[in-house]
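Student: For reference, the chains in residue letters:
2 protein chains.
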Amino acid sequence: MQTLTVDLGDRSYPIYIGPGLLSKPELITPFIKGKSTVTVSNETVAPLYMDKVQQNLQGLKNCQVTLPDGEKFKTLEVLDQIFSSMLENQCDRRTTLLALGGGVVGDMGGFAAACYQRGVNFIQIPTTLLSMVDSSVGGKTGVNHPMGKNMIGAFYQPQCVLIDTDTLSTLDDRELSAGLAEVIKYGLIGDPEFLDWLTKNMSALMARETDALSYAIYRSCQNKARVVAADEREAGQRALLNLGHTFGHAIETGMGYGNWLHGEAVATGTVMAAELSHNMGWLSADDLEFVKNIFLKANLPVEPPASLSADEFMQHMSRDKKVQDGVLSLVLLRQLGEGVLTSDYDPQALRAVLERQ
Amino acid sequence: MQTLTVDLGDRSYPIYIGPGLLSKPELITPFIKGKSTVTVSNETVAPLYMDKVQQNLQGLKNCQVTLPDGEKFKTLEVLDQIFSSMLENQCDRRTTLLALGGGVVGDMGGFAAACYQRGVNFIQIPTTLLSMVDSSVGGKTGVNHPMGKNMIGAFYQPQCVLIDTDTLSTLDDRELSAGLAEVIKYGLIGDPEFLDWLTKNMSALMARETDALSYAIYRSCQNKARVVAADEREAGQRALLNLGHTFGHAIETGMGYGNWLHGEAVATGTVMAAELSHNMGWLSADDLEFVKNIFLKANLPVEPPASLSADEFMQHMSRDKKVQDGVLSLVLLRQLGEGVLTSDYDPQALRAVLERQ
Numbered sequence: 001m002q003t004l005t006v007d008l009g010d011r012s013y014p015i016y017i018g019p020g021l022l023s024k025p026e027l028i029t030p031f032i033k034g035k036s037t038v039t040v041s042n043e044t045v046a047p048l049y050m051d052k053v054q055q056n057l058q059g060l061k062n063c064q065v066t067l068p069d070g071e072k073f074k075t076l077e078v079l080d081q082i083f084s085s086m087l088e089n090q091c092d093r094r095t096t097l098l099a100l101g102g103g104v105v106g107d108m109g110g111f112a113a114a115c116y117q118r119g120v121n122f123i124q125i126p127t128t129l130l131s132m133v134d135s136s137v138g139g140k141t142g143v144n145h146p147m148g149k150n151m152i153g154a155f156y157q158p159q160c161v162l163i164d165t166d167t168l169s170t171l172d173d174r175e176l177s178a179g180l181a182e183v184i185k186y187g188l189i190g191d192p193e194f195l196d197w198l199t200k201n202m203s204a205l206m207a208r209e210t211d212a213l214s215y216a217i218y219r220s221c222q223n224k225a226r227v228v229a230a231d232e233r234e235a236g237q238r239a240l241l242n243l244g245h246t247f248g249h250a251i252e253t254g255m256g257y258g259n260w261l262h263g264e265a266v267a268t269g270t271v272m273a274a275e276l277s278h279n280m281g282w283l284s285a286d287d288l289e290f291v292k293n294i295f296l297k298a299n300l301p302v303e304p305p306a307s308l309s310a311d312e313f314m315q316h317m318s319r320d321k322k323v324q325d326g327v328l329s330l331v332l333l334r335q336l337g338e339g340v341l342t343s344d345y346d347p348q349a350l351r352a353v354l355e356r357q
Numbered sequence: 001m002q003t004l005t006v007d008l009g010d011r012s013y014p015i016y017i018g019p020g021l022l023s024k025p026e027l028i029t030p031f032i033k034g035k036s037t038v039t040v041s042n043e044t045v046a047p048l049y050m051d052k053v054q055q056n057l058q059g060l061k062n063c064q065v066t067l068p069d070g071e072k073f074k075t076l077e078v079l080d081q082i083f084s085s086m087l088e089n090q091c092d093r094r095t096t097l098l099a100l101g102g103g104v105v106g107d108m109g110g111f112a113a114a115c116y117q118r119g120v121n122f123i124q125i126p127t128t129l130l131s132m133v134d135s136s137v138g139g140k141t142g143v144n145h146p147m148g149k150n151m152i153g154a155f156y157q158p159q160c161v162l163i164d165t166d167t168l169s170t171l172d173d174r175e176l177s178a179g180l181a182e183v184i185k186y187g188l189i190g191d192p193e194f195l196d197w198l199t200k201n202m203s204a205l206m207a208r209e210t211d212a213l214s215y216a217i218y219r220s221c222q223n224k225a226r227v228v229a230a231d232e233r234e235a236g237q238r239a240l241l242n243l244g245h246t247f248g249h250a251i252e253t254g255m256g257y258g259n260w261l262h263g264e265a266v267a268t269g270t271v272m273a274a275e276l277s278h279n280m281g282w283l284s285a286d287d288l289e290f291v292k293n294i295f296l297k298a299n300l301p302v303e304p305p306a307s308l309s310a311d312e313f314m315q316h317m318s319r320d321k322k323v324q325d326g327v328l329s330l331v332l333l334r335q336l337g338e339g340v341l342t343s344d345y346d347p348q349a350l351r352a353v354l355e356r357q
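Keeping their order, the protein sequence lines are chains L and Z. Mapping the first sequence onto my numbering, position 177 (from 1) lands on 177, and the numbers just tick up by one. Mapping the second sequence onto my numbering, position 157 (from 1) lands on 157, and the numbers just tick up by one.
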C-alpha cells in the first residue's frame with residue numbers, strides 16, 4: 001500500500017492506494033467519529049462491493065443509498081433522494097457518508113455530505129480509474145444543471161480517499177479508457193517525465209498490467225494532491241487541471257449527459273485545446289499529432305461530434321466556470337508538458353478550431 | 001448609522017444598521033468585486049425595494065430573480081429556479097448575489113451563492129425584523145426538506161449585511177411580532193440586562209418607536225455577532241441561539257411550512273423549553289409566567305397547536321440537527337438570562353411538556 005497526503009492544514013487527509021484495501025477496516029474506521037454511516041453507491045457498483053464495504057462498519061448503525069448509474073442522474077432531484085434516505089434513517093451531524101463508486105457517485109455523495117445538516121464527514125471510495133486519479137481527490141463536489149456541467153456544488157474535502165486497485169478488475173474497457181484521459185492530462189499540463197513514461201507504457205495500461213496501473217494512479221494522485229494543496233479553491237494553478245474540460249463540458253452538455261463519458265469528452269476537448277495551441281504557434285504539427293496519438297492509443301475519441309455546431313459550442317462555453325466578467329479563459333499548451341491558463345488567445349483561432357468539425 | 005463587525009478572520013464582515021441605507025451605494029459597492037450582480041427577492045418585497053437597490057448598482061450588469069413569498073417555497077425546487085436564472089443571465093464566479101427580503105430570501109439566496117459554481121460572493125439586505133436580528137447574520141444558509149426545517153444547507157458568510165431600518169415601515173404586524181420572538185431570545189439565553197430593557201420597552205417596540213427598534217436590532221446583532229465569532233460552525237455555544245427552535249421546528253414542519261411563522265413557532269417553542277426547565281426545577285413558576293408574558297406582550301402564541309400530538313412532536317424532534325448519535329440535546333434555561341445546551345434532561349419531564357397541549 002502507498003500513502004499520499006493532501007496537505008490542507010487542519011483539513012489535510014490521506015489517500016491510500018493498493019490492492020485489497022476494501023478488506024482493511026483499520027484504514028476507514030479512524031475516520032468515522034460518530035456511531036452511524038450512510039454508504040452512497042449506484043446500481044452497478046453496489047452489487048459488486050457494497051457488502052465488502054459494510055463488513056468494515058460492524059458495530060455501527062449503517063444504511064445504504066443506491067442511485068441509478070450514469071451522468072444523466074447527477075442532478076438536484078437525485079441528490080434529494082440521498083437527503084430523503086438520510087432523513088428517513090435519522091442520520092445526524094455525526095453520521096459519516098461513504099461514497100462508493102465512480103465520479104458521479106463521488107461528486108454527488110460529496111455534495112450531499114457538504115449540504116446535509118450543513119455538513120457531515122465523508123470518505124471517498126472510488127471504483128473507476130477516472131475517479132481514482134481525479135475526481136475523488138481535491139474536494140470538488142456537485143451536480144450538473146441542464147444548462148451546464150458541475151454548475152451547482154461545493155468545495156468540500158473528504159476525511160480520506162481509499163483506492164482499492166482490485167476494483168478496477170470489474171471496470172469495463174470504455175470506462176478504463178475514459179480514466180486514462182485524465183491520467184494523460186497530468187503529463188500534458190505539467191509532468192513531461194510522466195508523459196514520456198505514458199507513451200512507453202500505454203499498451204501495458206490498456207492490458208491492465210497491475211504495476212503499470214498502480215504507478216499511473218499513484219503519480220496522478222501525487223500531481224493532483226500537489227496542485228490542490230497549493231490552490232484549493234482554484235484561484236490560480238488548479239485551473240490547469242481543467243485542460244480540455246471547457247471544450248469537453250460543452251460536448252457533454254450539448255450531447256446530453258452520459259452519451260459521451262466525461263473522459264471521452266476530455267480527450268477530444270484536449271485535442272481541441274492542442275489544435276488552438278497549434279493555431280497560436282505554441283505547438284508544432286508534430287506535437288499536435290503526438291497529442292492525438294496518445295489518446296488514440298488509449299482508444300479515446302479525438303474528433304468533436306459533427307452534430308454540435310460552432311455556435312452551440314460557444315454558447316455552452318460561455319457558461320464555463322472559467323468565465324470572469326464575461327471573458328472566457330482557456331487552458332492551453334505552451335508546449336508539451338506545460339499548460340497555461342489564458343484569456344489572451346485569438347478568437348479567430350478558437351473559431352477555426354470549433355468550425356472544422 | 002451604526003456598524004458592527006462579525007469577527008471571522010479573513011471572512012470578517014460588517015453589519016450596517018440605520019435609516020436610509022438603501023440609498024447609500026457607497027456601503028454596497030466596495031463589496032462587489034466583479035462586473036455583474038443578481039438580486040434575489042420575492043414578490044412582496046421586490047415591488048417595494050427592488051428599484052431602490054438597483055439604483056445602487058449602476059454601471060454593472062444586473063439581473064433579478066423574484067421568488068414566490070413564503071416559507072413553503074424554501075425548497076430545493078425553488079432554489080433551482082435561482083440557478084436557472086443565473087445561468088440564463090450568464091452569471092459567473094465573480095457575480096455578486098444580493099439577497100433582498102426576509103429570512104426565506106436570505107437563507108435561499110445565501111445557499112444559492114454558496115453553491116453556484118461552487119461559491120460566489122453575496123450581500124444580505126434583510127427587510128424583516130426577524131432577518132435583521134437573526135437570520136441575515138452568521139452565515140447559516142439553506143432550504144427545508146419535507147422531513148425537516150433547514151436540513152439542507154451550508155455555513156457560508158456574506159460580504160456584508162445592510163440593515164435599512166426604514167424598510168420596517170412596510171412590515172405587517174404579524175411579521176413584526178415574529179421578529180420580536182428572536183429579539184427576546186437573546187435576552188433569555190445570555191443578556192439579562194437586555195431582557196430587563198425589553199420588559200420595559202415592549203410597548204414602545206410594538207408601537208414601532210424608531211429608537212426602540214433600532215436599539216433592539218443593534219443589541220440583537222451584537223449578541224449574534226459575538227456568538228458567531230466564537231463558534232461559527234456550532235460546535236458549542238452557538239447552539240444556544242436555538243432556544244425554542246427544536247420545539248419550534250417541529251411545529252413548523254408538523255403544521256406545514258408557512259402556517260406558523262418561524263418567530264411564532266420559536267415563541268411557543270421557547271415557552272415549552274421554559275416549561276421543561278421549570279419541570280426540571282431550574283425556573284420558578286414566576287419565571288415561567290414571566291417568559292409566557294413577555295411573548296404575550298409581543299402578541300405571540302404561547303400554546304402548541306392542539307392538532308400536533310406528543311408522538312408527532314417526538315418524531316420531528318428526533319431529526320433535529322442537535323441529535324448526535326441518536327441523542328437529542330435541547331437548549332433549556334438554567335435561569336432567566338442563562339441558556340444551557342443539555343442532553344441530561346428527564347425524558348418524562350419532556351413527555352409531560354409535550355402531552356399537556
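Hints in this document: simulated from the structure, not taken from any laboratory. Hints are supplied without guarantee of correctness; some may be wrong.
Note that the list lumps identical chains together, so a pair holds whenever it fits in one copy or between two copies.
When the alpha-carbon atoms are kept at most 30 angstroms apart in a straight line, the in silico DSS-like pairs for lysine-lysine are as follows [unchecked claim]: (1) K61 to K200; (2) K33 to K297; (3) K292 to K61; (4) K24 to K297; (5) K24 to K72; (6) K200 to K52; (7) K52 to K35; (8) K35 to K322; (9) K61 to K297; (10) K24 to K292; (11) K292 to K52; (12) K200 to K33; (13) K33 to K292.
Student: Each hint should be assessed against the structure and marked as holding or not.
Tutor: Structure-based check of each hint:
no., hint, in the structure
1, K61 to K200, "neither (48 angstroms within a copy, 51 angstroms between copies)"
2, K33 to K297, "neither (45 angstroms within a copy, 45 angstroms between copies)"
3, K292 to K61, "neither (50 angstroms within a copy, 40 angstroms between copies)"
4, K24 to K297, "neither (35 angstroms within a copy, 62 angstroms between copies)"
5, K24 to K72, "neither (33 angstroms within a copy, 46 angstroms between copies)"
6, K200 to K52, "neither (35 angstroms within a copy, 65 angstroms between copies)"
7, K52 to K35, "within (19 angstroms within a copy, 51 angstroms between copies)"
8, K35 to K322, "between (41 angstroms within a copy, 15 angstroms between copies)"
9, K61 to K297, "neither (47 angstroms within a copy, 46 angstroms between copies)"
10, K24 to K292, "neither (40 angstroms within a copy, 57 angstroms between copies)"
11, K292 to K52, "neither (40 angstroms within a copy, 55 angstroms between copies)"
12, K200 to K33, "neither (44 angstroms within a copy, 47 angstroms between copies)"
13, K33 to K292, "neither (47 angstroms within a copy, 40 angstroms between copies)"
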